[in-house]
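*Asks:* Chains as they are written, first to last, in our numbering: chain U, 1346 to 1743; chain D, 1346 to 1743; chain C, 1346 to 1743; chain X, 1346 to 1743.
Be careful, since some hints might not be right.
Same chains, same names: a pair is fine if it fits in one copy or spans any two.
[What the hints assert, rightly or not] In silico SDA-like links for lysine to any residue, alpha-carbon gap of 25 Å or less: (1) K1665 - S1461; (2) K1665 - P1589; (3) K1620 - L1713; (4) K1568 - D1424; (5) K1373 - D1672; (6) K1720 - R1502; (7) K1665 - I1376; (8) K1620 - D1566; (9) K1442 - P1425; (10) K1681 - K1719; (11) K1681 - H1582; (12) K1584 - F1439; (13) K1399 - R1348; (14) K1720 - S1732; (15) K1476 - L1391; (16) K1719 - A1631; (17) K1559 - R1393; (18) K1395 - A1575; (19) K1665 - G1380; (20) K1395 - F1439; (21) K1559 - E1392; (22) K1681 - A1733; (23) K1665 - N1614; (24) K1568 - E1609; (25) K1584 - D1661; (26) K1428 - G1449; (27) K1442 - L1569.
These aren't lab readings, by the way, just hints derived from the structure by calculation.
There are 4 protein chains.
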Amino acid sequence: MSRVSGRHFLQIPGPTPVPERVLRAMDKAVIDHRGPEFAKLGLHVLERVKTIFKTKTHVFIFPASGTGAWESSLANTLDPGDKVLMFETGHFAFLWKNMASRLGLEVDFIESDWRSGVDAGAIEAKLREDKDHAIKAVCVVHNETSTGTTSHMDQVRKAIDAANHPALFMVDTVSSLAAIDYRHDEWGVDVAVCGSQKGLMLPPGLGFTAVSDKAMAVSRDAKLRRAFFAWDEMETHNKAGFFPYTPATSLLYGLAEAIDMLHEEGLDNVFARHKRYGEAVRRAVAHWGLEIVSRDSKFHSPVVTTILMPEGNGGDAFRKLALDKFDVSLGAGLSKLADKIFRIGHIGDTNDLTILAALAGVEMSLGLAEIPHKKGGVQAAMDYFASAANGTMAAAAE
Amino acid sequence: MSRVSGRHFLQIPGPTPVPERVLRAMDKAVIDHRGPEFAKLGLHVLERVKTIFKTKTHVFIFPASGTGAWESSLANTLDPGDKVLMFETGHFAFLWKNMASRLGLEVDFIESDWRSGVDAGAIEAKLREDKDHAIKAVCVVHNETSTGTTSHMDQVRKAIDAANHPALFMVDTVSSLAAIDYRHDEWGVDVAVCGSQKGLMLPPGLGFTAVSDKAMAVSRDAKLRRAFFAWDEMETHNKAGFFPYTPATSLLYGLAEAIDMLHEEGLDNVFARHKRYGEAVRRAVAHWGLEIVSRDSKFHSPVVTTILMPEGNGGDAFRKLALDKFDVSLGAGLSKLADKIFRIGHIGDTNDLTILAALAGVEMSLGLAEIPHKKGGVQAAMDYFASAANGTMAAAAE
Amino acid sequence: MSRVSGRHFLQIPGPTPVPERVLRAMDKAVIDHRGPEFAKLGLHVLERVKTIFKTKTHVFIFPASGTGAWESSLANTLDPGDKVLMFETGHFAFLWKNMASRLGLEVDFIESDWRSGVDAGAIEAKLREDKDHAIKAVCVVHNETSTGTTSHMDQVRKAIDAANHPALFMVDTVSSLAAIDYRHDEWGVDVAVCGSQKGLMLPPGLGFTAVSDKAMAVSRDAKLRRAFFAWDEMETHNKAGFFPYTPATSLLYGLAEAIDMLHEEGLDNVFARHKRYGEAVRRAVAHWGLEIVSRDSKFHSPVVTTILMPEGNGGDAFRKLALDKFDVSLGAGLSKLADKIFRIGHIGDTNDLTILAALAGVEMSLGLAEIPHKKGGVQAAMDYFASAANGTMAAAAE
Amino acid sequence: MSRVSGRHFLQIPGPTPVPERVLRAMDKAVIDHRGPEFAKLGLHVLERVKTIFKTKTHVFIFPASGTGAWESSLANTLDPGDKVLMFETGHFAFLWKNMASRLGLEVDFIESDWRSGVDAGAIEAKLREDKDHAIKAVCVVHNETSTGTTSHMDQVRKAIDAANHPALFMVDTVSSLAAIDYRHDEWGVDVAVCGSQKGLMLPPGLGFTAVSDKAMAVSRDAKLRRAFFAWDEMETHNKAGFFPYTPATSLLYGLAEAIDMLHEEGLDNVFARHKRYGEAVRRAVAHWGLEIVSRDSKFHSPVVTTILMPEGNGGDAFRKLALDKFDVSLGAGLSKLADKIFRIGHIGDTNDLTILAALAGVEMSLGLAEIPHKKGGVQAAMDYFASAANGTMAAAAE
């Protein structure tokens, strides 16, 4: 096979492109995970990562993935047979539900058509019905990576409060943290679950749980079995900057660097940047005359756009063509969306020109695949990006 | 603080020094974990890693640690309340026992004084007593990292066979694999547990379970709860080179490189090299007049030597002095050995001169700390290494 | 200053983006430049680099730059006061002339307006006039990086032959080698001069001279003073893979990797790829209604396009805007083109989407700078790239 | 060939081991060498490097080597046929003389037996004899890498002053800078010459000249031909942080990092550290009963020790054995010392344990090669290092 030249365009909604600075921070000799140098690193990242979750309580870091963090969230807080309320935003909500079932929980799963975000009203209704508080936790996905919908966590909080329900509030922030505004303490979230390979711009290999004091208290008596993902031993060891077993030291170096980078840019700038990408991509898609899965603009995701293939065209063949011809990786359809869609990720360490390149790859591939569409989507996105840049020019000129 | 110049000497029994080639193999752009390039990598490492375990059946790779792999070994094969037989070789045997308890298993723990390896006869006796086969698994540590003893897995296998007992045979190979000969299929091990950061020369972040067909069959009905560490979904996804959730891609690149390096050197050469280190270190210690924890030469470890501090001297202050003065990290005493010992790791990507440097750091520190000892330990190790090198000269000359 | 996110677009005609593989090959411990491992590396790259120049004679590698290689070409072959014939293709031809003057040579400089390549007829005429062979060398630039014109070296060779003139034929291949077809032996070039940071995809730091047997013979008696750039000591040491003084070992590792990559892709594929970029960029520029410096299509460069700014618009302010707004680096106008043009480099390790991103950055910047142009240049380039990709589809389908 | 495990011991007097931080600083995307980001880097390193030479005037950085810097020192300041006074400290003094001859200078070479440093008295005598000031420059090597002697530049300065002679004072600091105290301005040196791969801890590829105002003034009219190594164009471009041709950008990143590291440690600590290494190595050699080339303790080098092989033993075979058996690279004998000596480099980013490891490799190899020696050299070095470390303990305790 002949070499593919130039830079690959990784336009999936995670893993996201790891910045050179983060890669280099990780590319160093491993150190003693029980020595003083490591203790400094451990205390540093354990404290700093809180600024990303916007919490002052507890964040635990596991050498795992977001899936592991899901397990940690449930296994530390619930008893076998406990009921949890979940909302079917899409594939990842579905997987979390499966995990809950595997762990022996009863799941009340509010079904949905995968085309919108969480219906806070439905949550509230369920909780109001639950007079005896059988529901122990409400678990929702902040940004549903499979469909490109972002739900409103503040509204879910309000729904729980309105129902005056004591359930724990758990949020999957895997593809939202450090890309979409997330406010752990302000929104009264009890457990947030995240991974390293999305907004945090790291390779995969870390799972995070941000834990409220309430959830910590509940975890003292929770009866689900847990060992690797247990919080109690983590909490003890973390106090000195250490971990109960060997942590993924390389990724922790990378994490320290990534957090620095996020703050150098400014979290608000990061969030604004992702919104800009989302808008540009949707304008291109609209121009092409294709439909996106997210039906309601209030749920459109700033980090990933899921595009329906026109009837009779398979998403997987299309993605393969784009990869073969233009070296751009697009996201696949998952479970019930398999082969029906493709996803453009616009998350992490990227920029306007990279997004335009990805859109150009998609538009040219639409042509090569003879999928009906109207040319000019890239131009539409360029017009939007240019006007956005002009705004900053005007602002700077004032 | 002023900069410390030169290379750090990481002489703990893991994490071990990561070779430049492995670090560079990991230092690359992250790829789509669902794309064709990843599938090739996945299939490649899943197959190649079997050559290190010397198995033809199944090896599962988790983005976790050896501790996670322990959980995986138990949770996939056992029912709540099952009895397991374990042997107290030291701290890590003790931790595995704790994990079993946390997971709801009953542990029959053969106590020992942490100064020798597994007593296969004691295992056999226990199994013979267990007429109704209440014991579902025998779990032992191949190399006990806390004490520096290596047990004989072939003898444990023989003990189980002699007792004609159907228990699963589980082995912790965390600090032995790829440093001490381990033969999964030949020794009839059902589940071997490992991590990435020792003989495999990788940063921490991967956990492995090598699984026999018998254990796979048992896992179909095992009732302990498991999700992240479950084998069933791993098996399904692994067939195509994929994983049920985002794997630690960077480490998988490194794993491929590390396996290449091990085979370039030759596994038998790797094992011989570690034996040589062990002998050299013990000669130095003996010359100093210090005592090692491992009491019986048949259990002496090729990868780590645990040295008792003379009465009245704390191990931790000594280690701190060696680190401060000579930039060498030594292993700490764990739980009941805390502050009573120090450990010299001699495992992984290292060589004779590095071991001698470490010994020189120890010997000079013994002097500075005014710990009674006889000078000349380094010289004793040099004499041994030189004669070993001479042997290869003689052999080459023939 | 806030962090700039995502990948920089380095669209200058060199240094070009260094591929990850090359960067990693260089990122390793330095070795003894007089040891056996280095000798192997030295012999390997000295031999392999010949395949890129398409020569079987001599290639010398200096820890320097293309400018150093220029000096080496002249200083090893000429006497003080010798006359050389040069052709003013642009800024780099002009700099080479200046160097010749600094070294004490007399330069017959065929002037030109910087808008076309070498006029082989003019060369021939000069040589025919030179009855007593005062001209000792004909020095021309293969690809003039400042203007974006590529000259035809085979025609210059024919011109020299037609005039039956014994002058040495010297060619600056700095921005052509490994991007535009260059045939050292077939074209009878006596000295080719190159640097590492263009088609060879390395960081700057190496200068190359490819030398014919005729030039080597001439160099034995050439009287210009030389030491660092002398060929005689290089030739002696190179025989064993060594160098007369410490070579730039890191870059030699990178060179070995870069040559492998070029051959993996296939040199003909590399050349075709650059032609495709050139055509796409020119279509975009033509659509915008802007003029390029190269006036004659037979001289259009596959590696860089130089675009005239419309009257009243400064090139430097425009480049600054593109850099500030879209993080794309464009090439500046040099000497008499200062501020009058901007250059788009399309050379080295790049691909269609990256070129389109660069064009999008330029087109949006034209809009923001209110420079008169017609939108749609990116679309024109996309149409061309798509049709080119389609061609390969059709071809593959046959 | 089987893999060699562990870290190589590069114990030659340069290139020296490049620290991880420097390698990582260099391992990044190449940038536009004419853009604003580069200008900042250029200005930064051009200014910062002065602190290492201890000068406030000019330092020029060439993409070359120390040899190139030699050429630059001579070619910018002298006329053809000028006489220079040089002192034969060893091989590198000899090579500099050869270069001067190649460049058309007349060399008055004070011969010596390569076993001591510069005899300042002999310099003074020569200058006093030179009534008509035919000698235009005095060129001496600060640390003679081939023999392990360090000369006293302050005394040479005094000799020139005592003779009241206007000759320029040029110093080769290639293997001394950033390892042995060097004071450009205080000692009135006119041109100092250096390379990147020794005390500066970088890979090879940069040559430096530190230039006094007097030398700059002289260079305006100096008539030797120069182009690549000319100071005039460098001076012009450097003012804005740029270079007249493409600089070795990667190495400049590394240089910035290396300078930071040197200052973090403190130059005086760096110098003290190297003195400690020299003393330890000489104690080992003395214990072995071997002779070093440097005859007078006032010239013993802190950065390299050259050891005479006992009669009848070849240095090259010995070095090969040490490399093959223990993966330690030792320095070779050069020109008239070829095969008669071996050199232990103890320069750059290293530490006590690494030096001891190297000594252990040498001592074991002496045994394997059956070279007469008394065992215990490593022990002698350990005793010295321990007492030195104890001194810092005592000091810290006060």
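*Asks:* Against the structure, test the hints numbered earlier, and report the numbers of the ones violated in rising order.
*Replies:* Of the numbered hints, 1, 6, 8, 10, 15, 20, 22 and 24 do not hold.
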